[in-house]
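J.: The lines below spell out each chain.
Protein chains: 2
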Amino acid sequence: MPNTPILDVKPPQKVRVDLAGRGYDIWIGRHLTAFAAGHIAALNPNGRVAVITDETVASLHAKTLNAALLEHGLTVSTCILPSGEGSKSYAMLKHVCEALIEAKIERGDLVVTLGGGVMGDLAGFAAAIVRRGVRFVQLPTTLLSQVDSSVGGKTGINSPQGKNLIGAFHQPSLVVADIAYLDTLSPREFRAGYAEVIKYGLINDAAFFAWCEAQWRDVFAKGAACTTAIAQSCLAKAAVVMRDEFETGDRALLNLGHTFGHAFERLVRYDTARLVHGEAVAIGLALAFQFSHFLGLCTPDMPLRVIAHLKTVGLPTRIQDIPNFSASVEDIVEAMLQDKKVQRGVLTFILAQDIGQSFVAKGIEIDKVRQFLSGVLEA
Amino acid sequence: MPNTPILDVKPPQKVRVDLAGRGYDIWIGRHLTAFAAGHIAALNPNGRVAVITDETVASLHAKTLNAALLEHGLTVSTCILPSGEGSKSYAMLKHVCEALIEAKIERGDLVVTLGGGVMGDLAGFAAAIVRRGVRFVQLPTTLLSQVDSSVGGKTGINSPQGKNLIGAFHQPSLVVADIAYLDTLSPREFRAGYAEVIKYGLINDAAFFAWCEAQWRDVFAKGAACTTAIAQSCLAKAAVVMRDEFETGDRALLNLGHTFGHAFERLVRYDTARLVHGEAVAIGLALAFQFSHFLGLCTPDMPLRVIAHLKTVGLPTRIQDIPNFSASVEDIVEAMLQDKKVQRGVLTFILAQDIGQSFVAKGIEIDKVRQFLSGVLEA
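Here the protein sequences line up with chains A and B, keeping their order.
Just add 2 to wherever you are in the first sequence, counting from 1, and you've got the numbering used here.
Just add 2 to wherever you are in the second sequence, counting from 1, and you've got the numbering used here.
In short, the hints are calculated from the structure, not lab data.
One or more hints might be untrue.
[Stated by the list, open to error] Capping the alpha-carbon separation at 25 Å, the derived lysine-lysine pairs in PhoX-like fashion look like this:
| id | chain 1 | residue 1 | chain 2 | residue 2 |
| --- | --- | --- | --- | --- |
| 1 | B | K65 | B | K106 |
| 2 | A | K106 | B | K370 |
| 3 | A | K165 | A | K96 |
| 4 | B | K96 | A | K96 |
| 5 | B | K106 | A | K364 |
| 6 | B | K165 | A | K106 |
| 7 | A | K370 | B | K106 |
| 8 | A | K96 | B | K165 |
| 9 | A | K96 | A | K106 |
| 10 | A | K65 | A | K106 |
| 11 | A | K364 | A | K165 |
| 12 | B | K96 | B | K165 |
| 13 | A | K165 | B | K106 |
| 14 | B | K165 | B | K364 |
| 15 | B | K364 | A | K106 |
| 16 | B | K96 | B | K106 |
| 17 | A | K165 | B | K96 |
Nothing here was measured: the structure is a model prediction, and the numbers come from that model.
Could you build all of it, start to finish, from the sequences and the hints given here?
T.: Have a look at this one:
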């Protein structure tokens with residue numbers, strides 16, 4: 003496995019998210035700090051910028067970013083928060099909102115989120131509600147946030163009663179995904195993010211999934227193939243978001259693997275030592291294809307192929323892979339019923355007829371889920 | 003002054019707010035509880051409804067409303083909050099959001115706000131962010147909220163650093179303004195709401211202002227003229243909102259009288275014993291016309307006519323009318339600079355060339371404001 007990062011001197015790739023009046027560009031490439039600062043300054047010449055980041059990311063990347071922003075004539079304030087999912091709380095939301103007001107961020111100014119999904123979701127939500135909405139820029143620093151949470155405008159915090167239950171749709175004005183940031187990720191974090199990459203292939207792009215099966219080593223080496231994988235993922239996500247910004251239909255496809263996955267995260271109480279989001283999605287993807295086969299929707303080789311690739315890259319694929327996990331079928335079903343996409347107690351799943359042929363399946367009977375999970379847990 | 007309420011047996015009047023995909027009806031009339039319940043049930047047949055109200059309103063009206071909702075086959079939960087501006091806080095926002103999740107309000111269900119502007123702003127904001135947005139219905143119980151805050155989708159809470167600094171644009175799905183609710187208002191509250199009624203005349207409808215000057219006694223008697231005044235106000239507000247939903251331009255006209263008014267509310271620390279919002283607006287309207295004259299934009303008889311009508315109905319018109327108010331010119335200017343419509347320290351005012359001929363004036367020099375206020379405070 004070629005682990006030496008390939009020097010990437012290519013210009014960044016651009017993906018456009020076209021939304022009436024709220025369109026924006028996603029740029030993907032390597033070493034984009036100065037590039038990002040220039041684009042931010044172009045959005046708000048000589049204006050104010052508030053950088054929201056966490057302790058881990060701040061120690062690695064904040065100084066370089068702030069210097070670049072200052073160099074472009076911007077007035078910069080920085081708000082550094084504790085790392086981890088715990089920051090997606092009401093208390094931290096208030097803290098960020100008050101910091102933005104204190105920093106005199108006005109309509110026209112910019113919030114810049116520097117970090118993973120937690121920072122993007124939290125600071126993006128704060129941007130959505132301070133002065134009833136100021137613009138924000140996403141500088142995602144993890145693979146997961148580069149291919150998923152930084153694109154599409156979903157922002158929010160967790161409720162004690164469930165994840166992401168409080169939030170807003172608020173589109174960023176710019177996303178810059180710098181793969182140089184990925185060099186500082188742990189192998190586990192990178193791998194977890196990769197689960198969301200292959201999800202796009204599984205949803206509606208069999209060729210991309212096959213490309214992943216063939217090229218994953220180059221993606222993990224974080225060279226040009228990594229840029230390609232991220233750009234392809236952003237393109238896929240952008241296409242879905244453009245069709246259904248507010249998740250009234252098709253956008254639900256992006257939840258492939260997530261109905262199961264969210265339940266597991268919930269049941270381990272979001273203890274990332276045991277399970278991070280991408281790992282939960284990996285298990286969820288395997289289960290979504292197994293469940294599709296269980297319902298007679300696809301042939302048995304489909305889940306086998308999905309599971310094989312997940313295993314190859316080192317991702318978990320079975321409920322039993324979660325350390326010390328003892329939840330019963332009823333526990334899992336109960337956790338799934340808490341999902342915010344539940345309507346009147348009927349479960350909506352994303353199921354598949356083939357690799358790259360997924361669809362929204364409404365009104366799935368809970369008893370079918372119970373039968374399926376019983377079999378899986380006994381296996 | 004005929005203080006006996008006139009029996010109003012006319013059908014309610016309807017004002018339509020046309021917004022692409024988010025249009026809704028405002029109904030105005032007397033004794034509309036059953037009518038409102040029927041319309042709510044039509045929006046969400048056999049669904050869940052969470053009624054958010056305050057202690058004062060709950061004791062007067064909640065039982066009747068809940069009975070009507072139950073009669074229409076809805077599942078009803080009720081959340082009763084402390085009365086008063088203090089409820090527009092982060093803590094109460096969290097409380098309402100958690101109550102909505104606890105009540106299993108899902109996408110498709112409805113939040114019903116029963117109360118004045120505080121309840122509408124708070125519960126409307128909670129509806130905007132729970133599950134990234136659920137629908138809500140406004141049942142405003144004060145004149146102020148019937149003619150202003152319940153229409154147009156502005157929701158929010160207060161920051162310790164300023165009023166309404168945190169919030170969202172979230173349009174209601176239905177507004178029912180029942181003037182029977184106004185019978186339980188104190189004369190002071192009703193009068194304060196009336197300041198927002200005449201504001202619509204002053205903005206762009208000289209004929210409506212003249213009608214108010216002639217008909218105000220009938221409006222205060224809460225008969226058919228009151229319905230007309232509210233409907234006319236809602237029509238005026240709806241027209242502005244339809245032109246500029248997100249306040250990027252024209253909608254700022256609705257702030258006539260508010261740049262000064264908000265500063266006074268801020269300086270009395272929102273002590274409603276000393277100053278309620280409508281009273282602050284009344285003084286603000288007088289000052290906006292006086293300032294317009296000071297800048298040479300209108301003749302001196304314009305502010306005199308505005309002040310005369312405000313005085314006739316018993317509203318305050320001078321800074322000196324605020325009990326124990328000792329703020330200096332600098333205090334007032336500083337408080338105005340905190341307004342969320344400030345852009346880069348330049349003040350935006352709504353000024354007028356005549357009754358019904360107001361306009362957005364950007365880039366007003368702060369020194370002009372200082373000179374004007376010095377004169378006013380010495381008068």
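J.: Next, verify each hint and record whether it holds.
T.: Okay, the hints, checked on the actual structure:
Proposed proximity of K65 (chain B) and K106 (chain B) is supported: the alpha carbons are some 21 Å apart, at most 25 Å. Annotation: proposed proximity of K106 (chain A) to K370 (chain B) holds, straight-line Cα distance about 23 Å (limit 25 Å). Proposed proximity of K165 (chain A) and K96 (chain A) is supported: the alpha carbons are some 18 Å apart, at most 25 Å. About 10 Å separates the Cα atoms of K96 (chain B) and K96 (chain A), which keeps this hinted pair within 25 Å; it holds.
Annotation: proposed proximity of K106 (chain B) to K364 (chain A) holds, straight-line Cα distance about 19 Å (limit 25 Å). For the suggested pair K165 (chain B) and K106 (chain A), the alpha carbons sit about 15 Å apart, so the restraint of at most 25 Å is met. Taking the CA atoms of K370 (chain A) and K106 (chain B), the gap is about 23 Å. The hint holds against a cut of 25 Å. Restraint check for K96 (chain A) and K165 (chain B): satisfied, since their Cα atoms lie roughly 15 Å apart, inside the 25 Å limit.
Pair hint K96 (chain A) plus K106 (chain A) holds up; C-alpha atoms about 15 Å apart against a cutoff of 25 Å. For the hint pairing K65 (chain A) with K106 (chain A), the CA-to-CA distance comes to about 21 Å; that is within 25 Å, so the pair holds. Between the alpha carbons of K364 (chain A) and K165 (chain A) the distance comes to roughly 22 Å, so the proposed pair stays at or under 25 Å and holds. Between K96 (chain B) and K165 (chain B) the CA atoms are separated by roughly 18 Å; this keeps the pair inside 25 Å, and the hint holds.
For the given pair, K165 (chain A) sits about 15 Å from K106 (chain B) by alpha-carbon distance, which is consistent with the 25 Å threshold. Between K165 (chain B) and K364 (chain B) the alpha-carbon distance is near 21 Å, which keeps this suggested pair within the 25 Å criterion. Taken as a hint, the K364 (chain B) and K106 (chain A) pair is honoured in the structure, with Cα atoms around 19 Å apart against an allowance of 25 Å. Distance hint between K96 (chain B) and K106 (chain B) is fulfilled; the C-alpha atoms sit about 15 Å from each other, no more than 25 Å.
Taking the CA atoms of K165 (chain A) and K96 (chain B), the gap is near 15 Å; set against the 25 Å cutoff, the hint holds.
In summary, the structure agrees with every hint in the numbered list given earlier.
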